[in-house]
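There are 8 protein chains.
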Amino acid sequence: MKKRLGEVLEKVYSRRLSPEKALECLTDYPYQDLGFAKVDHHRELLKGYPEIVYGLGKTPAQIIGIAREIIKKGSNLLVTRVEPEVQAKIKGRLKGTTYNAVARTVTLCQKPAPAGRGKIVVISAGTSDMPVAEEAAVTAEILGNDVVRIYDVGVAGLHRLLHQYDRIREARVVISVAGMEGALPSVVAGLVRVPVIAVPTSIGYGASFKGLAALLAMLNSCPGGVGVVNIDNGFGAAYLASLINHL
Amino acid sequence: MKKRLGEVLEKVYSRRLSPEKALECLTDYPYQDLGFAKVDHHRELLKGYPEIVYGLGKTPAQIIGIAREIIKKGSNLLVTRVEPEVQAKIKGRLKGTTYNAVARTVTLCQKPAPAGRGKIVVISAGTSDMPVAEEAAVTAEILGNDVVRIYDVGVAGLHRLLHQYDRIREARVVISVAGMEGALPSVVAGLVRVPVIAVPTSIGYGASFKGLAALLAMLNSCPGGVGVVNIDNGFGAAYLASLINHL
Amino acid sequence: MKKRLGEVLEKVYSRRLSPEKALECLTDYPYQDLGFAKVDHHRELLKGYPEIVYGLGKTPAQIIGIAREIIKKGSNLLVTRVEPEVQAKIKGRLKGTTYNAVARTVTLCQKPAPAGRGKIVVISAGTSDMPVAEEAAVTAEILGNDVVRIYDVGVAGLHRLLHQYDRIREARVVISVAGMEGALPSVVAGLVRVPVIAVPTSIGYGASFKGLAALLAMLNSCPGGVGVVNIDNGFGAAYLASLINHL
Amino acid sequence: MKKRLGEVLEKVYSRRLSPEKALECLTDYPYQDLGFAKVDHHRELLKGYPEIVYGLGKTPAQIIGIAREIIKKGSNLLVTRVEPEVQAKIKGRLKGTTYNAVARTVTLCQKPAPAGRGKIVVISAGTSDMPVAEEAAVTAEILGNDVVRIYDVGVAGLHRLLHQYDRIREARVVISVAGMEGALPSVVAGLVRVPVIAVPTSIGYGASFKGLAALLAMLNSCPGGVGVVNIDNGFGAAYLASLINHL
Amino acid sequence: MKKRLGEVLEKVYSRRLSPEKALECLTDYPYQDLGFAKVDHHRELLKGYPEIVYGLGKTPAQIIGIAREIIKKGSNLLVTRVEPEVQAKIKGRLKGTTYNAVARTVTLCQKPAPAGRGKIVVISAGTSDMPVAEEAAVTAEILGNDVVRIYDVGVAGLHRLLHQYDRIREARVVISVAGMEGALPSVVAGLVRVPVIAVPTSIGYGASFKGLAALLAMLNSCPGGVGVVNIDNGFGAAYLASLINHL
Amino acid sequence: MKKRLGEVLEKVYSRRLSPEKALECLTDYPYQDLGFAKVDHHRELLKGYPEIVYGLGKTPAQIIGIAREIIKKGSNLLVTRVEPEVQAKIKGRLKGTTYNAVARTVTLCQKPAPAGRGKIVVISAGTSDMPVAEEAAVTAEILGNDVVRIYDVGVAGLHRLLHQYDRIREARVVISVAGMEGALPSVVAGLVRVPVIAVPTSIGYGASFKGLAALLAMLNSCPGGVGVVNIDNGFGAAYLASLINHL
Amino acid sequence: MKKRLGEVLEKVYSRRLSPEKALECLTDYPYQDLGFAKVDHHRELLKGYPEIVYGLGKTPAQIIGIAREIIKKGSNLLVTRVEPEVQAKIKGRLKGTTYNAVARTVTLCQKPAPAGRGKIVVISAGTSDMPVAEEAAVTAEILGNDVVRIYDVGVAGLHRLLHQYDRIREARVVISVAGMEGALPSVVAGLVRVPVIAVPTSIGYGASFKGLAALLAMLNSCPGGVGVVNIDNGFGAAYLASLINHL
Amino acid sequence: MKKRLGEVLEKVYSRRLSPEKALECLTDYPYQDLGFAKVDHHRELLKGYPEIVYGLGKTPAQIIGIAREIIKKGSNLLVTRVEPEVQAKIKGRLKGTTYNAVARTVTLCQKPAPAGRGKIVVISAGTSDMPVAEEAAVTAEILGNDVVRIYDVGVAGLHRLLHQYDRIREARVVISVAGMEGALPSVVAGLVRVPVIAVPTSIGYGASFKGLAALLAMLNSCPGGVGVVNIDNGFGAAYLASLINHL
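The listed protein sequences correspond, in order, to chains A, B, C, D, E, F, G and H.
Positions in the first sequence are counted from 1; adding 1149 to them yields my numbering.
Positions in the second sequence are counted from 1; adding 1149 to them yields my numbering.
Positions in the third sequence are counted from 1; adding 1149 to them yields my numbering.
Positions in the fourth sequence are counted from 1; adding 1149 to them yields my numbering.
Positions in the fifth sequence are counted from 1; adding 1149 to them yields my numbering.
Positions in the sixth sequence are counted from 1; adding 1149 to them yields my numbering.
Positions in the seventh sequence are counted from 1; adding 1149 to them yields my numbering.
Positions in the eighth sequence are counted from 1; adding 1149 to them yields my numbering.
The hints are all genuine.
Result set (EDC-like, lysine to aspartate or glutamate): computed pairs, CA atoms no more than 16 Å apart in a straight line: (1) E:1260 / E:1200; (2) F:1170 / E:1159; (3) E:1170 / F:1159; (4) B:1160 / A:1159; (5) A:1268 / A:1315.
I should point out that these hints are in silico values taken from the structure, not numbers from a laboratory.
With the rest of the complex left out, here is chain A (with noise of 0.2 Å):
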């Protein structure tokens, strides 16, 4: 579209179209794209300063092949959903990068993003949720941020969660990450007044019905502040606490 503007204002400047005209074959295309590469561009740097790969159901190679060209175009990588069998093929092929074990990312920072104003706190109950907290965590810290991590301080046990309170207190946003009965996001958010992001897991069985019981429950959260985000989206849940951490 860019193009054809281009020649429309050419005719114009050359006196061969007249703007009456030039307007009237112009408008004539409602929903175009005047410019959307600069858009695409716009949003490229605005949102998410590394580029995401989303690991889960690709191969070896080809996560080998998109995060190379990632790396030579001088971004920061983060691939997320890297199973440890996925991991092993991985390993040593691309130079530089970090693999988290337990948040089961590929990680390489070339270029430190513009830093969030405040810290980001991830606190997950169990030590099940950790996968999920870490990617959060690992996402939140190559998007710019600084991140307080407090793993394994469910509602069970609610003095290893107050002993935090300082802690949690420091933070600009939370990230609260809890399976089973999910119950921490509206426990944290009860003791502090920065937003929380609510990430269910799909940690439990039987009636949790893969995070579903989790999921309910935080919608469903008395405090106000609370935004829940899919079942086991750490990735999502850092990606949206760094857009207010960064405002």
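Fit chains B, C, D, E, F, G and H to the known structure of chain A by using the hints.
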């Protein structure tokens, strides 16, 4: 935007602006509406000649107000989901309109819509499904289609359905309406070689779960050629069928 | 059957029937009720001293009729789910009874039930949960228990809950009532070493799905020691708690 | 208990115990099993002559062990849900037995079961439904019934079903098996005047939700005379059909 | 079609048409209704002698109109789901009919239906289940069956159920009606060797999900011989039971 | 039946049977198949020129066997859902066939199908939706349609979709494929005036519930003109689209 | 607890208690409330300056009573979910308050809340979504935010949404409200680089399942940066958005 | 916090700080952990004497590592959900431990837990429910309870259950385990006057929906006195039962 574009073109024409500068300046506005009013107009012309009012949840006064404006413009009118108690209050206050007590529609055809190319056959399973079927039929008619109604031919009495075999085969598009087990569209789709639009109804009780059973059945329809719309969405089925019939 | 057994025994005693024949003839009646009346009587004595009437769906006349019979027998009376409009018509016609407008119960205690061994603490999350909590409390009381009420201590305001720490720890059994995210029983079970009976309520809207969210949360309760009853089943929770408290 | 009753009767006969005392003592045992062994034996005789082994989840060794005991007793044998890889290890080790690879059953008929009174017609919708249909057919046969198989007559091709009209009408009981939209039982029940046992299968994908769509459809079956069993429960359908056919 | 066939046959007889041509021409009409009226008549004769009117959603005037036509024809009449407020307006206007306030049925038996071969025993769990149980009983009776009612024998009080053991065993078919946990059909099916038709009711609250809990329980019934119908479908259960009882 | 009809006609022709008697005798056979074989043949001709094999759950040997028969008959072949590991074993054994690794289809076009009248545009949201989109595209092509593929234009990047505005508007029918939030068909239906067939995919995790989220979104599509097929049913969408495109 | 602590400190100061003993004695009180009143006060100050009353289920008298107390304290007042019939009885009895008939809110701002840092843009899809959108807008305003309303810009008419592109981009936080297919937040999140709070509404029918379809769609939102709140929770969305906007 | 409190007390004692100032300073820390370590210790002592390891998802190496630490401390050990293939690798490497192949537990009792006051009776419905029942039994034993096992007494064979009537009545607490229709707890709760802990299992197929059917049935249990835990949660049931039995 159109105004802005006009100004820019004027400046180019008067050579107060180079084409390059103009291009740069114009492409700076992603997602702009270059002629959207026009597009809007297009859609109005194309998509559904009558103007549609969804009556449910509107007061008689609101319906009368909106309907009168539409009528004044000379448009065709279709108000759906006008319950009898609402109609009792509208009655006599919208001159020339027709109330279909089964379909619960108020209509006024001021200028016939362009004719569809073939017949739309509306087939319904039980007498309780008639309101939805009739909403579909009335909608299809005001959209310019020749409509054949075949009601009360559920699969429990196959002979009644097969009796209508010849009439069914006249269809260019079939709309098949059924509640409860929702089997009719599957059977009908096996009898014809034209598209079948399936409409589940909320008729039933218990394990019908307000139309969910029929909806799922239709989505799993074994013979090909079936497209499904929302539960009780007679209007939507007719709209889609009419689009097809006007191709 | 008892009669039949008596007759057979008489015949054996009078030697009109041999033991072998008698055995053969008696064992021919599987699942017979040899003394079932007695069993029935046992159960009546043991299971819930008051007689319970589930008021929902009963007319005022029916409730009055049933209640009067129970009162005449000298039993304690508990009518649950008596909505205010029903109570308006019952009022004054059941002498000596008490109406609890929050619990929606009608009670009459003619002879105190045997005392439970400790305290039952009823803890509820929000003010909207009070009808269910109070139904539990009233039921537990008429079943002979010493009841402590701690209401409006939802997890959103942890300090309010912790303020009550000492009172909570006095419990021999806890009944924890919560709607919405249903997190309270999990938090409470982490604070005590006694059984926690969790009651989800239908309080909430949208994704609470009429108590389903709270129910699932409670079934997934992370700390041990939580048993769950049906949504809004304050009566059932108190019945179970009372059984435990009378052990 | 039988022993105890015998002893009591002996004591009464020898006049060491009065009938009154005996009655008192015997009726003191509510829910006792006066002859339950006999009852048990009754049920064995009556309910399904073959002994049934549910093969799923059992090791080949377990199946062989159980089956041999049954065979040794002279009973008929029916093992259901024997997957091919299990059968591969059983093969040749259970003399005289037959493996039906479609039904995934292992059977041995040592003494024919009493014959049912009419024919059981097993009708299935698609070829993928055949394992369930065949499990029903094999079960019905070993239970003593004359079985007619009519497969692959789904409602998408009504003519194929109607071709079989005469054979269907021979049925004393119909078993109708279908996955996906589960429409077959509704259509069949409209064609016959005998009981139709409907078996939903888990055949399908997406919105079939592993047979839920078919199950709901069948429960909502419009024509009367349809009883539904669990998803994929070919065995259960045949068992019920056989009960009916032996009445 | 019949007319057309007649014409063709006439032409063949008068040798204006060769058999070959006639065959070709006739077979050109797939799915034609060669005698369908007759079939229809067959079904009317066979399937349910009374004519059934589903009362729910019909106005008193509509019910009266339909019922009078049926009565005039000399048929037996069964109107189901006639709520008391509707009955109040029908009362006295349908001579000779009987209103069963529990079953919510209006019936008139003008000519007794052919008698079933044995007894249909209708067993229900709680007093709240009685409307559904009674609808089944009334339906079974007008269909010509000898009905035994055994109500309020839920599994919570097993002794009450077992007291009725002898009466239950008289059944040729059992209809077992239960809401809440829906356990009764499983227990009953373990006690008898005849078909059990299970009817879940919508009785209950919270996690009963309007009968879903009972429905699922019945579909998973452990003992064989259970066929399930839709929630609250007392009529359907009786229809199926009657079909079986007339075999 | 055809045979029987032939015989009857012969008898009429030879005057061994009067037309009246013949009529009576013929109409005695309700639901008989007067020429159904012919009907079947009709359907074969009309519905989907290629023969379709659903590959999932079939062994390589089965697929090869069925495919060879189809090829031998001279028909076009379409095998869907051929996973790579199955294809590895089929490869080279079905001469002339093409394997599309994205669509997981095996095809052979021996005689071009009749051409559709316009273009079918297949639009998919994400790269993960491509297998379903491509199954639709391949199916539409072998059914004789001119197919335009527009992939990876999800609503998250509206500019990419709008870039394709002109190509989208060329469609006579649109197939819109999307997983996760399933928003694409709604947006697309707002841009065109032709039927949109919406295909939800099982792409996503957590609260996508294997495509349920996308399915519900599509059924609730706000703009008119959308018909929905089952989750992942690329084939079904193409079949319906082709029916429409051949009208 | 504070009192107790004071006493202990006094004793230590007067050296009647050693620090060691004091420590021992104090630490004996787990979960004690050392200053919780203070904390409570903190929360009041920080979390939502106005006091909020959830109007649904409260009588006019209750609302008036609570509201007057709040007003007397000099606090700002926000009553949500005040249905017109309730407002009719409140009207004129709460001086100075404003009723917003669309939002169904009663408000009184006595002292302006601290101003948020940017604009909160509230975007809604359809006119039926306006009550929820307006509840969000009114809430955000009384919480001190500058609110921009952009209503009726659903994805079915993309041009209307894009027309508002510039206004949308002014947002520091976006609240996106939609029922039915719930696609709006996904599209909006693709257009901006700020947090998007998504609010599903219960608008729709049939397969919208009272907002479930929209809720699931939003949780699966493809572009990053979307946090979801409960169905119809306009208040909650505004509360979260305000927290973010005051960071 | 303890340290901080110590320091403050020291300063008060040495009169470097007035009690007033100290109070002010200390109360400035809401939610602080004054002695939480101690609390933690309390809980350890009280809640479950053995240390519990949830084996599922842990590698053999992880289990061995954790178990050895627990054993070294002298604690009792309970590892749950140790699948046979994991046990194969653990075997012989944890001296003195016992593997229960049915319960899939590894246990070591180094010091007997305090004895419960009565018997816990574990009743299960089918042989397939035994793993869950046995997990409950093993857990209850290591928690110090006298356990009675009554397995394979499902409601389909009531006589088997009633045979055990005397043993059941010895219970102080009953744990009732059942899959499929989940009817056993309802029947058992009608036979005893002690608390019944109901454990649904995921045993079943089709409409059991992995234990959902049994779960719902148990939540709707008609007789009072039933508390429900999560699907397959034998451990949790035993933990709750033990709490009750130690009261």
